[in-house]
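Given the coordinates of chain A, work out where chain B should sit on it, guided by the hints.
Protein chains: 2
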Amino acid sequence: MPGINDPHAQLKKFITDRMAISSDHLAMLCAKFRVKSTQRNEILLQAGDVCPYIYFLNSGCLRVFLMDTKGKEYTRFVVTENRFGTAFPSFTLQEPSLASIQSLEPSEVLYITYYDYQSLNDAIPGWDRFNRIGLEIDYIASIKRIESLITMDAKQRYKQLMETQPTLIQRLPSKIIADYLGISQETLSRLKSKK
Amino acid sequence: MPGINDPHAQLKKFITDRMAISSDHLAMLCAKFRVKSTQRNEILLQAGDVCPYIYFLNSGCLRVFLMDTKGKEYTRFVVTENRFGTAFPSFTLQEPSLASIQSLEPSEVLYITYYDYQSLNDAIPGWDRFNRIGLEIDYIASIKRIESLITMDAKQRYKQLMETQPTLIQRLPSKIIADYLGISQETLSRLKSKK
Chain A
16 MPGINDPHAQ
26 LKKFITDRMA
36 ISSDHLAMLC
46 AKFRVKSTQR
56 NEILLQAGDV
66 CPYIYFLNSG
76 CLRVFLMDTK
86 GKEYTRFVVT
96 ENRFGTAFPS
106 FTLQEPSLAS
116 IQSLEPSEVL
126 YITYYDYQSL
136 NDAIPGWDRF
146 NRIGLEIDYI
156 ASIKRIESLI
166 TMDAKQRYKQ
176 LMETQPTLIQ
186 RLPSKIIADY
196 LGISQETLSR
206 LKSKK
Chain B
16 MPGINDPHAQ
26 LKKFITDRMA
36 ISSDHLAMLC
46 AKFRVKSTQR
56 NEILLQAGDV
66 CPYIYFLNSG
76 CLRVFLMDTK
86 GKEYTRFVVT
96 ENRFGTAFPS
106 FTLQEPSLAS
116 IQSLEPSEVL
126 YITYYDYQSL
136 NDAIPGWDRF
146 NRIGLEIDYI
156 ASIKRIESLI
166 TMDAKQRYKQ
176 LMETQPTLIQ
186 RLPSKIIADY
196 LGISQETLSR
206 LKSKK
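Those protein sequence lines, which keep their order, are chains A and B.
The first sequence begins at 16 in my numbering and counts up by one.
The second sequence begins at 16 in my numbering and counts up by one.
Pulled out of the complex, with its shape left as it was, chain A reads as follows (with noise of 0.2 Å):
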């Protein structure tokens, strides 16, 4: 029941700032979209399964990770509050994934099927807009991010995040940040006390 506890409201307010969306669409959208509440470090997908949601974050943090054949553990991405975030090769392609989600913090997410997701775009004029534009800046931090990796010593991709997203320094773990960073524990501890 929508109210001040609406679950969906945050969501609401991410499309309709995006795009122009009737009232009976953006119910509809709604009701596709079911409410979860994760706890710390819950894993939300497995590597070696089929990703079947993508999540709207209300609140929290997850990430998307990889782990090699020795166990160690690589950040691919970091999804904060009012952002979408899914692995997005596997929901896509609908084949199982290399990457694992995990849920960093208690967390509130929104979750839909791929099949739901699929169908909003013959269902909503303008969804396949609101996802092209979308993909666009995803596609954009990603393109960066490989420049990052490309082009940067660790300072340099420090330096970076503390521009682009000082909290994430704040909120997440060190191993977390060293490890989206692709540097060592050490290398951050180092960093981080000459700022």
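Please note that the accuracy of each hint is not assured.
The list treats identical chains as interchangeable, and a pair is accepted whether it falls inside one copy or across any two copies.
List of simulated lysine to any residue pairs, SDA-like, C-alpha gap at most 20 Å [said to hold, decoys possible]: (1) 170 <-> 197; (2) 27 <-> 99; (3) 159 <-> 149; (4) 159 <-> 104; (5) 87 <-> 159; (6) 159 <-> 111; (7) 159 <-> 179; (8) 170 <-> 81; (9) 170 <-> 89; (10) 27 <-> 139; (11) 87 <-> 162; (12) 159 <-> 197.
Treat the hints as calculated values from the structure; they're not laboratory data.
Here is chain B on its own, set in the frame of chain A:
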């Protein structure tokens, strides 16, 4: 004039293979793409400039690359025939580009301005969807590139390239391949000789 030498023939096939489009809309679209022949090593975009065009390659090969303050180059993407390519963040946001674009081989390219490309979204039904699906593919490729940069060593990256784009290795100078893989030319020679 359309015919066996129609420079827009490959673009038309690329589009009609992927979406339903009327012949009027297809003709209108093609009229916005101009043709250009490039020379080996010609620079199509200089870093610092706003990227005015997105390209469709009829033949040849472009690379999108970065250069650091010491003049070292880093290849971000390689685009071959029957693909679209541009310095995506600069083109999409119409802001100065960090990357340059270079024609690695004598190439025939079609090119369209940002404003003409944007106008297709409103003019052509289904163009948003065509772009949304193309972006999904490009975004997945960039995620896989991030994965390979953060989790793989030189040998694994070379093996992956051999499996996914073997012709690139034969076709491009060793310097560019080494640079794309983020490894030294010496390491690449060693990997090549091992087979």
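Legend entry - Violated hints, by number in ascending order, as checked against the structure: none
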